[in-house]
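Student: Given chain A, work out where chain B should sit, using these hints.
2 protein chains.
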Amino acid sequence: MISDKMKDFVQSSSAIRAMFEEGKRLAGIYGAENVYDFSLGNPSVEPPIQIKDALIEVLNEENPNFVHGYMNNSGYEDVREKIALSLNHRFETNFSSKNIIMTVGAAGGLNVIFKSLLNPGDEVITFAPFFGEYRNYVGNYDATLVTVPPNTKDFQPDLDEFEKRITEKTKALIVNSPNNPTGVVYSEEIIKRLAEILEKKQKEYSSSIYLISDEPYRELVYDNVEVPYLTKYYKNTIVGYSFSKSLSLPGERIGYLVIPDEVEDSEDIVSAANVANRILGFVNAPSLMQRAVSRCLDASVNIDVYNQNRELLYNSLISYGYECVKPQGAFYLFVKALEEDDKKFSEAAKKHNILIVPGSSFGCPGYVRIAYCVDYDMIRRSLPGFKKLAEEYGK
Amino acid sequence: MISDKMKDFVQSSSAIRAMFEEGKRLAGIYGAENVYDFSLGNPSVEPPIQIKDALIEVLNEENPNFVHGYMNNSGYEDVREKIALSLNHRFETNFSSKNIIMTVGAAGGLNVIFKSLLNPGDEVITFAPFFGEYRNYVGNYDATLVTVPPNTKDFQPDLDEFEKRITEKTKALIVNSPNNPTGVVYSEEIIKRLAEILEKKQKEYSSSIYLISDEPYRELVYDNVEVPYLTKYYKNTIVGYSFSKSLSLPGERIGYLVIPDEVEDSEDIVSAANVANRILGFVNAPSLMQRAVSRCLDASVNIDVYNQNRELLYNSLISYGYECVKPQGAFYLFVKALEEDDKKFSEAAKKHNILIVPGSSFGCPGYVRIAYCVDYDMIRRSLPGFKKLAEEYGK
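Sequence order for the protein chains is A and B. Everything in the first sequence is counted per the numbering used here, starting at 397 for the first residue and increasing by one. Everything in the second sequence is counted per the numbering used here, starting at 397 for the first residue and increasing by one.
No lab work stands behind these hints: they were computed from the structure. A hint or two may mislead.
Which copy is meant is left open, so a pair is good if it fits within one copy or across any two.
Taking lysine to any residue and the SDA-like style, the derived pairs with C-alpha atoms no more than 25 Å apart in a straight line are [unchecked claim]:
hint, residue 1, residue 2
1, K599, I714
2, K448, Y466
3, K549, E719
4, K403, P516
5, K494, L693
Excised from the complex, chain A in its bound form (with noise of 0.2 Å):
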């Protein structure tokens, strides 16, 4: 009895539920300690003091039906003007609290502004390997996600493939970089020819194309990287962003969009947005969490962390013999498998107790994500495992 679009979800839920079954499983035939599950995407690294403080400080000092009570659909206007102030100050941009819309998450935001902007048969594009959700969200709204195959040289997007992609339908791009899977950031030079291919083609088919950046890793960067702010060299970019990696508060649903004064219809876009936050039940990010983080804008978790776990799984995985472009962001490696079908390259890892995620869940086959935001001591007694089954693919 329940609805069509939902029959194959509840099939594919099963199958994840069968996949953490066989997780406790393993764990119990061989304990919990010699079970290397990196596949899921949930921060081992503590939230930073800060939040804590600032929840505390919060309840103490300020009104608590005020804290705890209804707000303007897009948050409360201090919350959003001291993240544009905020923003300024980092990225020389020019926004102000009409610009910043609080949301659910990042997933909440992506929800929100397709329901702004599509409408039943619009395309919207992104480059593969991709987060598999966007695939979900499009599709909540009647839209067509449009995949551009990876580059997998180095997996910045392929701009050739993305230019003959681009049609009338087009409505949005969707870029995540850093990059989940693949922890790739999009380079500047990349970037701007992205623009120039947007703007290009908004001629050419006189339409409004928006760039959609979603950006939960945006932090969670190393070796110095700079991560370009999309505003600055796209007008029609709208920016969805989350405090779950960075703060490390994934299950507290709290983030922001960014919808700047130059994109096109900007105010109509944002009227829109105010309202798909009530319409689709979100009604407004957490009010508690909101206020929190209003006064951690300049706080993060300790990256070093993630880092020396990167620095230890790539450099063994890469001694071992396994191919994988080292990620400058996010805490994921992507890494090829090591025979053609990644379903079954992971069902090999799982018989040395390795839990990974087949690349086909990111529009990319052959490849498997590995999250190492996991405890630097499981990446370490996980390590013969990775060996023995790169020696049993004869490396």
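Tutor: Frame of chain A; chain B shown alone:
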């Protein structure tokens, strides 16, 4: 460039903004203390102190990565189990954790269940007057809201008119008791007859018709009125609950769905709701707040404050010649407008600096909603205005 579906919403959202600006304008001229805003359902009573205590305890006692991290999309297992046991204790039900899905408020819960159940073209019935957002929630999934005309005698549902509107396309009925906007509690007798009609029609069409009980006001009742727990009267009942009003936490977006085992295809619906929570972008109900409310399941706001407001406002308005069914729950009076056009009547009230909402917004023209979740003293100060307004209409 916004989507076609959103164009009307942007229009009406500017109307709401205009009303809000008008309130500010009036406050500027006459002073904030001389403007009487009865338009919003934002709780005025403070959250019980247990909430603050629970939040601080969770922050001090539990592991921060656990408290702020991802969990199953349906919520923390222990939180769901505690809620199930609490319901079982209060209503002699037989739920366990698997029947409970934590949601981003009741608005999130309703969207999750509609996404799970509705195919385009399906019909969902509700009784006027009703919370206007139902139309949008149902419309999000391209289904149609079918409304049963109001029974203005006592605002109990008109079951004959209801029965006439059930077709083979009817997928669900949504009820809201204690009701927004009338404050009426649907009687046990009505519920029993409602269940009989649903059973009969399910047989007639060989279909499943789900009764969705939207219960944000369950704990806000006066004079010891009983609110029947609907899963006990009809098998295909799904409950949507929110802590927004019972604990004065509307900004926190915390609630849950109850999907009993007795519901047809219960397991599939639970799976679908789990997935819908994820792909609609909620992902999960805010995590810290899940943990906090699970420690406060026996707490409640001080209803006496709302009851004093109810008595003062109801008795005063009746004495001035207004007509109104005395509400048994929630924090609204639904008063007959003193002229046919409820919008014009609301405008006339505004001349006395009284802000109220036309019943047309709730599918019931000719009435106005007065939200008394406000300061007692504001009600007191507003009374001369209500009296003069009645006098203008010859009362």
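Student: Compare the structure with each hint and give your call.
Tutor: Hint check results:
1. K599 to I714: neither (46 Å within a copy, 65 Å between copies)
2. K448 to Y466: both (23 Å within a copy, 18 Å between copies)
3. K549 to E719: within (11 Å within a copy, 75 Å between copies)
4. K403 to P516: both (21 Å within a copy, 15 Å between copies)
5. K494 to L693: So K494 and L693 pass the 25 Å test inside one copy only (18 Å; across, 38 Å).
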